[in-house]
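Engineer: This is what each chain is made of:
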Amino acid sequence: METTQSATATQPAGTSAARDGQHIILLESVHKWFGKLHVLRGINLAIRPGEVVVVAGPSGSGKSTMIRCINRLERHNRGRVVVDGIELSDDMRNVDAVRSEVGMVFQSFNLFPHLTALQNVGLAPLQVRRWPRTKAERAAMELLERVGIPEKAHAYPGQLSGGQQQRVAIARALAMNPKIMLFDEPTSALDPEMIQEVLDVMLGLAREHGMTMIVVTHEMGFAREVANRMVFMDEGVIVEEGPPEHFFTNPQHERTKLFLSKILHQ
Amino acid sequence: MAAIPRARVPFWRNVRTLEFLGQIVFIVLLAGALWGGRVALQESFLRQNIRLDWGFFRQTAGFELTALTWTIDLDTWRLKDYEPTDSHAEAMIAGLFNTITVALLGIALATILGLLVGIGRLSRNWLLNRLAMAYVELFRNTPLLVQLFFWYFAVMLQLPNGSPQQPPIRFFGDFIVLTNGGLAFGGTVAERFGRLIVDGGVQLTTEFSALVAGLAVYTSAFIAEIIRGGILAVSRGQMEAARSLGLTHGQALRLIVLPQALRIVIPPLGNQFLNLTKNSSLALGIGYAEFLTAANTVSSQSFRSLETFTVVTLGYLALSLIISGFLNLIRARLRLAPA
Amino acid sequence: MATRVEVLPAPEERLSAWQWARRNLFDGWLNTLLTLLTGAALVSFVSAILRWAARAHWSVITDNPRFWLMGLMPVELAPRAFWAGGLVAAAALLTLGGVRVRVAPRVLFGLWVGIIIAVIWVMSPVRLDQIGGLYLTLLLAVVSISLSFPIGILVGMGRVSRLPAIRGFSILYIELIRGIPLITMLLWFFVFVTLLSGDAITRVERAMIGLTIFTSAYVGEIVRAGIQSVPRGQTEAARAVGLSAVQTMRFIVMPQAMKNMIPSLVGQFISLFKDTSLTVIIGLSDLVGTGRSLLAITRYLQDTQEVYVFLLIAYFCFSYLMSYGSRLLEKRLGLGER
Ligand SMILES: Nc1ncnc2c1ncn2[C@@H]1O[C@H](COP(=O)(O)OP(=O)(O)OP(=O)(O)O)[C@@H](O)[C@H]1O
Ligand SMILES: [Mg+2]
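Protein chains in written order, with the working numbering: chain A, 1 to 266; chain V, 267 to 605; chain E, 606 to 943.
If you are wondering where the hints come from, they were derived from the structure by calculation, not from laboratory data. Some hints could be false.
In silico lysine-lysine, DSBU-like type, Cα no more than 35 Å apart, as pairs [what the hints assert, rightly or not]:
id : chain 1 : residue 1 : chain 2 : residue 2
1  : A       : LYS257    : A       : LYS36
2  : A       : LYS179    : A       : LYS135
3  : A       : LYS262    : A       : LYS36
4  : E       : LYS864    : A       : LYS135
5  : A       : LYS179    : A       : LYS262
6  : A       : LYS36     : E       : LYS936
Bear in mind the structure is a predicted one, so any value in this text is a computation, not a measurement.
I would like the entire structure built from these sequences, with the hints used as guidance.
Structural biologist: What follows is the structure, encoded as structure tokens:
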């Protein structure tokens with residue numbers, strides 16, 4: 001298939017050399033269809049522990065679908081997805097194991113509106129890890145402090161601003177102590193003045209905790225500052241990837257150039 | 267080439283296999299239950315020495331229906347008047363026709379009444395508003411069957427009997443005449459055998475009048491709430507927007523609010539129509555010969571209750587499916603129609 | 606902490622009775638006319654009712670309180686029924702008070718479990734078919750509600766299941782039952798059970814089962830709508846933090862769905878309460894049946910209007926109480942969230 005070939009061709013030499021278990025996330029020619037719609041058309045991606053990868057691309061290019069395949073909110077139809085040595089398959093044990101190793105932050109927060117911020121964060125440790133309530137609450141409180149809103153612990157999501165909600169959502173995703181965090185456009189539903197507070201939390205995660213992160217975002221300032229690698233997707237394939245310095249100053253592909261010119265001129 | 271070998275998933279941990287097996291087990295259990303029921307029924311039939319027999323439907327019914335209507339002649343497939351010499355099946359078809367008559371009339375009346383009460387419910391006049399609310403609450407919060415009993419036993423049957431001591435109630439001259447024998451429109455009152463009797467015009471039996479009145483009033487309470495909700499749902503912002511474009515209050519109501527309210531209102535209204543049709547089976551309580559009552563008579567005459575009630579159940583199911591299919595068609599139209 | 610801006614309540618308008626009447630009854634000639642017409646109609650209607658009520662023979666009600674309450678229950682068992690009724694009434698009052706002062710739901714739940722055990726113990730010597738009147742009506746309603754609720758939740762969850770066999774079965778069940786009038790279903794069920802098992806299952810039990818099968822389908826449909834009203838992102842977020850499908854249902858979807866479901870659920874249960882009256886057609890002596898058997902006594906032959914008016918009032922009170930309770934619950938649940 002033509003697209004697959006071009007995707008393989010653009011793959012940097014460095015990644016294919018290192019398929020020996022030192023990758024925490026490995027996607028091998030992953031395909032995904034929604035009905036007849038071919039959304040992922042052979043994705044190859046390998047990520048090392050501690051790496052921060054920023055994914056960009058036009059709307060509908062399959063960015064969300066790709067990262068949702070990593071924690072199996074979507075099933076891939078072909079290819080392999082290996083997360084921390086566990087291959088995602090129909091084995092139910094694997095799915096459960098992976099879900100608690102991968103945290104996810106959504107564009108629209110998806111906080112549980114009937115629970116307080118503290119309960120939102122503490123729910124998974126309490127129910128999945130079966131921690132005692134006091135322990136779960138203490139851990140949740142620590143996380144809320146880490147994202148900078150301990151004073152809102154007993155507020156309901158409806159009483160929080162967008163930025164505060166997203167920070168609670170990050171704390172919730174961290175509650176299971178994941179090795180990997182996935183962010184799907186975490187700031188694009190926020191008012192401009194709240195974007196920075198969320199980015200700061202993410203920055204802290206990457207810098208101070210060495211978290212492995214895949215971030216779908218169009219915040220190019222953030223990408224320049226934090227990303228180890230930029231990935232550009234279009235029409236279900238990875239068109240181009242590389243370190244941000246190269247990516248921004250010297251894009252190789254027409255589609256990348258076009259996209260960058262659009263996004264940087266806003 | 268990959269460093270991590272492709273793991274083989276044992277089937278007892280494979281989600282898809284488990285889901286598949288689970289469904290197979292479910293279907294097997296279900297089939298087993300049905301089969302068990304069938305066997306038990308057969309044994310019980312053997313024990314009680316009965317057999318299912320559908321032939322009785324073509325035997326002579328031999329009973330009158332309280333309101334004579336048409337039926338379909340099952341030999342010629344023509345419409346005809348029902349007579350006691352017709353078969354059981356034809357008696358039930360007559361009942362079905364009665365059900366349809368009651369439903370159509372009831373739906374028309376309920377809609378008119380519901381519209382009036384719903385508008386009253388929206389009135390700025392406090393007294394009218396509260397009155398409409400009391401109407402809605404009263405009829406929604408009491409059982410339809412008790413309301414039907416009330417209309418039939420406590421209202422219709424307590425009316426004057428038309429003798430000179432108890433002359434019939436008349437409205438508009440002789441146009442509407444009301445006795446405990448029924449309701450007559452547009453006939454002339456004449457005395458015969460010491461009683462005042464209506465000649466000609468449209469005459470409705472007591473059971474029919476009580477049934478239609480009861481169904482219409484009950485359903486109108488629900489319709490009123492639907493109408494009120496529909497108009498409230500569009501009116502505020504839309505009304506202001508329309509007024510700011512320079513439309514008058516009347517124009518805004520007619521051109522902007524009502525068409526939109528209609529869209530909101532029609533689906534739940536359709537459900538109420540369906541409910542009214544199903545509820546007409548409560549006529550069994552007051553003995554008006556619609557579908558269920560006719561079937562009940564057939565059942566008690568032929569001692570073929572399981573067969574009869576199975577047919578009736580399927581008949582109502584078909585009726586409901588036809589009506590809801592029709593409603594879905596309208597709904598689809600509404601979605602497509604330009605705003 | 607954010608700085609606080611003082612929020613002042615809007616200046617309260619206090620209208621004199623006269624001002625209020627002008628505003629709501631007599632503004633403009635059209636409204637005045639409407640008020641006068643409605644008022645006149647209302648006055649004549651109410652006075653007619655009052656005149657009727659003054660003439661009516663209420664003895665059919667007042668002379669037979671025990672019959673209305675429990676039908677033909679043997680006299681020696683009646684005190685037990687009074688005890689049971691008193692217990693339930695007390696529990697209901699306590700619950701109402703408890704909801705107002707916000708006692709933990711767990712406490713109220715425990716209270717009801719205790720009361721139910723006590724009632725079952727007190728009523729144990731009474732056979733089901735000895736119960737009649739209001740007691741039978743309430744028993745039918747309570748049993749069918751408490752059975753159709755869990756079944757309806759299962760069916761509603763099956764209705765949105767990914768698995769085709771389960772979804773198909775749930776759809777079939779829901780659509781089949783909803784297409785048939787209750788009375789038709791009850792009649793068919795009675796005939797079927799009689800053919801199958803003779804008299805092994807009493808008529809009261811048949812009515813309970815029939816009402817439960819019927820209401821479960823409607824509850825299932827309400828549950829389906831409730832589940833689908835919860836955004837998909839909620840399930841995804843729950844699965845993403847590692848909750849299992851069952852935990853997601855229990856801790857995330859159901860609590861939110863339940864809040865949306867309460868009005869229609871209570872509506873359905875009021876409807877079921879009203880529908881218990883249909884059992885009179887299949888020969889049960891519930892509240893309506895009691896009224897009709899009183900009307901068959903020579904002394905009361907003429908008292909149709911009194912009996913049916915009383916029945917209407919009785920059913921109205923209970924239904925209205927239920928919808929009042931539901932509004933209270935909605936208010937209570939609506940607080941603090943969103
Ligand atoms: N559940 C679904 N069912 C069917 N089609 C879907 C589904 N989810 C996504 N799609 C389609 O798959 C394609 C890729 O979607 P995806 O959400 O991955 O794009 P994206 O790159 O994240 O875009 P955006 O920037 O708008 O979020 C789109 O055409 C979308 O319409
Ligand atoms: Mg997306």
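Engineer: Broken hints, numbered, in rising order?
Structural biologist: 6
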